[in-house]
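Which chain is which? The protein sequence lines are H and G, in order.
Adding 86 to a residue's 1-based position in the first sequence gives its number in this note's numbering.
Adding 111 to a residue's 1-based position in the second sequence gives its number in this note's numbering.
What the hints contain is simulated information worked out from the structure, not anything from laboratory work.
The structure presented is a predicted model; accordingly, all values stated were derived computationally and were not measured.
From the three backbone atoms N, C-alpha and C, an ideal C-beta is built for every residue, glycine too.
Keep in mind that a hint or two might mislead.
[Claimed, not checked] Not the full set, but computed from the structure, chain H residues with beta-carbon under 8 Å of chain G: (1) 192; (2) 195; (3) 203; (4) 204; (5) 207; (6) 227; (7) 229; (8) 421; (9) 423; (10) 424; (11) 425; (12) 426; (13) 427.
Below are the chains, spelled out letter by letter.
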Amino acid sequence: MKLPVLGESEEAPACCAQPAPRTTAEAAARGASRVKTAALLAGGLAVWAAAYALVHPLSELAAFRVLGLSPSSRLGQSVAFFLYDAPKVLLLLVLIVFGVGIVRSFFTAERTRALLAGRRESVGNVLAALLGVVTPFCSCSAVPLFLGFVEVGIPLGVTLSFLVAAPMVNEVALVLLLGLFGWKVAALYLVTGLAIAVAAGFVLGRMKLERYVEPWVYASMKRSEVHERERLGFQGRVEKGVEAVRDVVGKVWPWVLAGIAVGAGVHGYVPEGLLAGFMGKSAWWSVPAAVAIGVPMYSNAAGIIPVVEALLGKGAALGTVLAFMMSVIGLSLPEIVILRKVLRPPLIAAFVGIVALGILLVGWLFNAVL
Amino acid sequence: MKIQVLGTGCDRCKALTANAEKAVEALGLSVAVEKVEDLREIMRLGVMTTPALVVDGKVRAAGKVLTADAVMELLRS
Chain H
87 MKLPVLGESE EAPACCAQPA PRTTAEAAAR GASRVKTAAL LAGGLAVWAA
137 AYALVHPLSE LAAFRVLGLS PSSRLGQSVA FFLYDAPKVL LLLVLIVFGV
187 GIVRSFFTAE RTRALLAGRR ESVGNVLAAL LGVVTPFCSC SAVPLFLGFV
237 EVGIPLGVTL SFLVAAPMVN EVALVLLLGL FGWKVAALYL VTGLAIAVAA
287 GFVLGRMKLE RYVEPWVYAS MKRSEVHERE RLGFQGRVEK GVEAVRDVVG
337 KVWPWVLAGI AVGAGVHGYV PEGLLAGFMG KSAWWSVPAA VAIGVPMYSN
387 AAGIIPVVEA LLGKGAALGT VLAFMMSVIG LSLPEIVILR KVLRPPLIAA
437 FVGIVALGIL LVGWLFNAVL
Chain G
112 MKIQVLGTGC DRCKALTANA EKAVEALGLS VAVEKVEDLR EIMRLGVMTT
162 PALVVDGKVR AAGKVLTADA VMELLRS
């Protein structure tokens with residue numbers, strides 16, 4: 087708790103991270119609360135690790151002993167999958183979101199904008215895509231962010247690279263993929279997601295679509311005030327992490343459970359290899375079908391991963407599943423509706439079309455090479 | 112005192128408005144919390160991440176939903 091102290095209300099100069107404590111008592115109190123935060127953090131991690139280790143034995147115990155289901159029955163398979171995956175994914179999610187919250191406390195939209203201002207197109211596209219991954223982003227902020235970028239003269243294509251990467255390369259999805267399928271799948275997702283964002287932004291930039299940005303955007307452009315920056319210490323960052331967990335996990339857990347329930351159903355009731363026929367490598371049309379179904383659908387990354395896991399387990403090809411996942415989380419109807427406030431339909435259509443095309447190519451590429 | 116919540120009408124903006132209203136009530140202030148949805152106005156204040164809380168024309172928080180307690184603390188200082 088910080089009590090309002092006279093003279094402390096204004097921000098410190100940006101150069102020093104923390105103001106010097108005024109008295110030794112204050113310094114001691116700050117030191118003590120730091121130690122306390124560190125201790126709580128260590129304790130929390132220990133509890134997390136213990137819980138994670140117990141998930142597997144406990145889920146088997148619950149499914150096969152307590153509920154008395156047979157490990158070979160379909161219901162038993164589904165229930166065991168759910169009881170194992172639900173706590174595991176939720177635990178992973180808490181840890182990841184906490185970590186990401188801390189990483190993101192180092193990046194703000196303002197800092198990202200400053201980094202992108204004045205970049206040339208090609209370099210700018212790459213940088214924008216990378217920053218899109220680590221900058222805090224929520225689709226409801228897409229429009230103010232777009233305006234803020236355009237305002238300082240960041241090219242349209244570079245701005246769009248950012249707007250593609252921010253939702254599509256989702257850190258939660260990345261780490262869940264890493265935890266559930268290993269680093270190869272996670273790396274593929276990261277690299278191809280970035281490639282799509284860079285390429286789509288670059289192509290859109292080349293198409294000179296500025297005339298399809300709502301005219302008032304450029305007309306009302308002027309330098310806006312810069313507002314004060316927060317200063318965060320170690321404690322502030324930990325708080326950011328906790329805040330992110332409360333915010334994100336508090337919101338996505340029903341989606342995650344629903345996703346795992348679907349995954350569990352597929353796991354127990356869909357026969358091995360059934361999906362190979364129409365979601366396998368040989369069916370070229372399965373990728374466009376997956377994209378066509380995925381684009382209007384919207385789920386968040388955490389909810390879609392368990393479905394991905396179940397589909398892959400039943401013989402669906404990786405490229406098809408990845409294309410489905412990217413189109414679900416990367417392009418969403420709510421975001422398009424929001425962007426409509428600043429972009430006119432031809433530009434929106436080009437944006438959606440080119441990103442969807444990129445996803446399609448990635449899906450085919452994976453199915454062809456893997 | 113003038114209190115404004117900037118946002119384009121998403122859930123998080125509504126949550127911040129509600130918290131700001133609670134804080135104002137708890138402090139016994141007789142000001143209305145104004146919602147700003149106009150993008151030009153949001154842009155003029157230099158806000159890129161919504162929801163944002165603006166007190167007397169100064170951006171005090173952006174991109175997060177402050178709790179009612181946090182808003183109270185901010186209004187007191």
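Now for the hints, and whether the structure bears them out:
Interface restraint check: residue 192/H against chain G, minimum CB-CB distance 14 Å, threshold 8 Å, status violated. A distance limit of 8 Å between C-beta atoms decides the matter here; for residue 195/H the minimum to chain G is near 4 Å, and the interface restraint holds. At a threshold of 8 Å, the smallest CB-CB gap from residue 203/H to chain G is about 13 Å, leaving the interface hint violated. Evaluation of the residue 204/H hint against chain G yields a violated restraint, the C-beta minimum of about 17 Å exceeding 8 Å.
Annotation: residue 207/H was flagged as interfacial toward chain G, and the flag is violated, the nearest CB pair being 21 Å apart, outside 8 Å. For residue 227/H, the suggested interface contact is upheld, since its CB lies about 5 Å from the closest CB of chain G, less than 8 Å. Evaluation of the residue 229/H hint against chain G yields a held restraint, the C-beta minimum of about 6 Å falling below 8 Å. The restraint placing residue 421/H at the interface with chain G is violated, with a minimum CB-CB distance near 11 Å, outside the 8 Å limit.
Evaluation of the residue 423/H hint against chain G yields a violated restraint, the C-beta minimum of about 11 Å exceeding 8 Å. A least Cβ separation of about 7 Å between residue 424/H and chain G falls short of the 8 Å threshold, and the interface hint therefore holds. Taking 8 Å as the C-beta contact cut-off toward chain G, the hint placing residue 425/H at the interface is violated, the least distance being around 11 Å. The closest approach between the C-beta of residue 426/H and any C-beta of chain G is roughly 12 Å, which is over the 8 Å cut-off, so the hint fails.
Interface hint status for residue 427/H: upheld, as the beta-carbon distance to the closest one in chain G is roughly 6 Å, under 8 Å.
The structure fails hints 1, 3, 4, 5, 8, 9, 11, 12 (numbered hints given earlier, in ascending order).
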